[in-house]
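Listed in order, the protein sequences are those of chains A and B. Here numbering that gives the first Met the number 0 is used: the first residue of the first sequence is 0, the next is one more, and so on. Here numbering that gives the first Met the number 0 is used: the first residue of the second sequence is 0, the next is one more, and so on.
Derived by calculation from the structure, the hints in this document are not laboratory data. The structure presented is a predicted model; accordingly, all values stated were derived computationally and were not measured. Cβ coordinates follow ideal geometry from the N, Cα and C atoms, glycine included.
Restricting the straight-line Cα-Cα distance to at most 25 Å, the calculated cross-link-like pairs of lysine to any residue (SDA-like) are: (1) B:Lys263 with A:Leu152; (2) B:Lys263 with B:Gln273; (3) B:Lys263 with A:Pro273; (4) A:Lys156 with B:Arg256.
Only part of the chain B face toward chain A is listed, based on derived beta-carbon distances under 7 Å: (5) Ser61; (6) Ser62; (7) Val64; (8) Ser65; (9) Thr254; (10) Val265; (11) Arg267; (12) Leu283; (13) Arg284.
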Amino acid sequence: MFIIEHNQGFSKFQYAVCFEPVFWGPNNQCGSCPFFRLEVNEETLPPNRQELFQLMGTGLHQLKGALQMQVKLLGIFALLLTLTGCVTPPQPPVSLNAEFLTASDNRIGVAMDTMPSPNLQLPGANCLLCIAVASGANSELSAHAKTLSTEELAQLKAEVLAVLKEQGRNVILVDDPLLINKLPKTKGLGEGFAKRDFSSFAEQHGLDHLLVIDINGIGMTRPYTSYIPMGAPQATVSGTAFLIDLQSNKYEWYLPIDLHLGTEGEWDEPKDFPGLTNSYYQVLESLRDRVLSPLTIQAPIAQITE
Amino acid sequence: MKIILIGSLLVMLGACATQEQTAVAQQKDAPVPLAPLDVIDGQYWVDLPGQDGLTFYGQQLSSEVSSNGAGVMYPGGDMASFLVSIALHAAIQTSVTEAKEQTQRDAANLILEPYRELINQTSLADLMLSSEETVDTDNGQAYTVGLASQPLAADGWHTVVDPVFIMSRSSDSITIKSKVSILDGRIELTEEDLESDFSQTIFFQSLPIYESEKWLRDDGEYFRMVTSDLLRSSVDLAIQHFAGLSPPQASISSTIRYLNNGEKKVERGYLIGQTCTHIIFESLRGDIKSVPRLDWAGNHGCAAVLESS
Chain A
0 MFIIEHNQGF
10 SKFQYAVCFE
20 PVFWGPNNQC
30 GSCPFFRLEV
40 NEETLPPNRQ
50 ELFQLMGTGL
60 HQLKGALQMQ
70 VKLLGIFALL
80 LTLTGCVTPP
90 QPPVSLNAEF
100 LTASDNRIGV
110 AMDTMPSPNL
120 QLPGANCLLC
130 IAVASGANSE
140 LSAHAKTLST
150 EELAQLKAEV
160 LAVLKEQGRN
170 VILVDDPLLI
180 NKLPKTKGLG
190 EGFAKRDFSS
200 FAEQHGLDHL
210 LVIDINGIGM
220 TRPYTSYIPM
230 GAPQATVSGT
240 AFLIDLQSNK
250 YEWYLPIDLH
260 LGTEGEWDEP
270 KDFPGLTNSY
280 YQVLESLRDR
290 VLSPLTIQAP
300 IAQITE
Chain B
0 MKIILIGSLL
10 VMLGACATQE
20 QTAVAQQKDA
30 PVPLAPLDVI
40 DGQYWVDLPG
50 QDGLTFYGQQ
60 LSSEVSSNGA
70 GVMYPGGDMA
80 SFLVSIALHA
90 AIQTSVTEAK
100 EQTQRDAANL
110 ILEPYRELIN
120 QTSLADLMLS
130 SEETVDTDNG
140 QAYTVGLASQ
150 PLAADGWHTV
160 VDPVFIMSRS
170 SDSITIKSKV
180 SILDGRIELT
190 EEDLESDFSQ
200 TIFFQSLPIY
210 ESEKWLRDDG
220 EYFRMVTSDL
230 LRSSVDLAIQ
240 HFAGLSPPQA
250 SISSTIRYLN
260 NGEKKVERGY
270 LIGQTCTHII
280 FESLRGDIKS
290 VPRLDWAGNH
300 GCAAVLESS
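Throw the hints in and build the complete structure from the sequences for me.
Pasting the structure below:
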């Protein structure tokens with residue numbers, strides 16, 4: 000309901016239109032009306048009632064527009080609230096639990112999720128034409144990226160197994176493809192816990208813990224803004240490595256991986272791109288070191304405490 | 000009439016004689032194929048043109064693996080301002096990059112300060128043996144290496160060496176980067192020949208030391224010994240590669256891990272061979288590298304070999 004008020008209590012006349020009673024101000028006035036206020040002073044006060052009502056009609060028309068705008072803004076605000084509510088905050092890194100290394104009776108499985116094929120990513124080339132232009136400009140590099148070997152990464156699972164075995168851990172290889180995205184979701188566990196339920200591996204393989212290497216991006220990347228390259232390509236690998244308690248789905252170790260490396264010297268050396276290829280294998284080695292070193296370095300501490 | 004006939008006969012005979020002479024001249028200019036020089040059991044004359052002193056640099060640090068990608072956001076209110084901002088960024092970036100590279104070079108060369116006098120006192124020719132030396136390879140073959148004299152002897156392979164030395168950032172080792180070109184010494188050379196014949200860049204890195212003062216001890220004796228050894232080793236590696244005396248390199252590339260500046264360094268390449276101290280491989284860019292093994296210090300068999308040598 001709209002209230003139209005003619006207030007003569009101040010130095011100037013005020014004709015205000017407000018919602019009632021929500022924005023009704025103190026002393027029964029429209030002082031706090033946030034939407035719309037039509038103000039006239041003594042000089043601009045219409046000389047007769049007809050013109051005053053015309054003026055108020057204009058005011059009401061403006062009020063309608065203002066209200067429509069407010070409704071739109073409220074709608075956008077509500078949508079943003081909904082969307083941000085849906086976004087899950089990323090899992091922060093979790094240091095390797097030292098108890099894991101000292102508990103020698105734990106049975107640990109080592110698994111690797113299905114690895115994507117190496118390729119060239121062109122982030123920032125978003126429109127269809129941009130993608131076509133960027134892909135055409137980098138076709139040789141893209142073809143080369145597809146020929147890169149992932150054998151080094153495939154061996155990482157066996158290397159992790161060997162490192163843990165050296166420390167006297169009861170460890171087995173889980174050869175089944177993990178298909179993490181097809182595992183059932185966990186509910187309400189929050190930060191520090193997996194979003195998927197890995198407990199089925201406990202029964203299937205008789206495990207207490209599962210160490211997972213999950214690679215979700217590998218190859219080269221070159222940033223774009225629409226049609227324009229924003230820098231030289233880089234070798235890249237991304238994913239996670241984590242150790243999970245299969246009873247509680249709690250992370251005992253969580254290592255996010257997002258590694259990049261440019262070339263030493265020239266990068267544009269088709270068709271074998273030796274500089275970038277070298278960087279690619281250096282990135283894989285860096286990933287290997289980051290996964291193996293926490294397991295390796297802490298081993299002597301575990302031996303001492305035992 | 001008779002006179003005219005005799006005159007024309009003489010002209011014809013003269014023309015024929017000239018043609019014959021031309022044919023003879025062509026035969027004289029035609030290249031006579033030389034018997035190929037022996038590559039194995041051959042004589043290699045090392046030539047160090049245009050260098051008296053040592054060219055020395057400090058090692059520049061290579062970029063490290065980072066956890067975030069590179070990218071730049073440009074203001075893009077309209078196409079014109081967007082393109083202007085890119086052009087401006089490119090111009091600024093070029094000068095910034097150049098300045099940054101120069102700063103990095105200067106910073107890298109600071110490591111040479113304690114050795115500057117020693118470097119200036121050392122002559123490149125002194126690092127090569129002036130007398131000829133016969134080198135026996137592991138597979139029972141041999142060849143002879145000597146420092147080339149002026150004028151160049153024409154009885155062997157003209158081995159042109161262009162070396163640069165690089166002191167590691169922690170002063171623990173020296174690497175030589177030698178561009179070695181090997182040409183038939185019997186043929187007078189042009190600049191084009193140097194480009195078109197056998198040419199190979201060799202990197203040879205010395206074993207690390209744990210006290211950098213060792214380079215300066217005994218008036219730089221160890222420094223001279225190592226740099227001399229690096230120069231000769233790089234030449235040997237090039238000759239052996241040229242003569243086919245190196246072991247066949249692996250057909251598939253692999254990840255090579257070695258010691259550099261006190262840390263593990265990783266490079267992709269084709270493995271050629273290993274000694275107890277060094278790994279030899281061909282890099283993806285085609286350079287041949289001989290670098291210290293990661294485990295050389297803990298290799299007990301290796302320690303025994305080093306002690307006996």
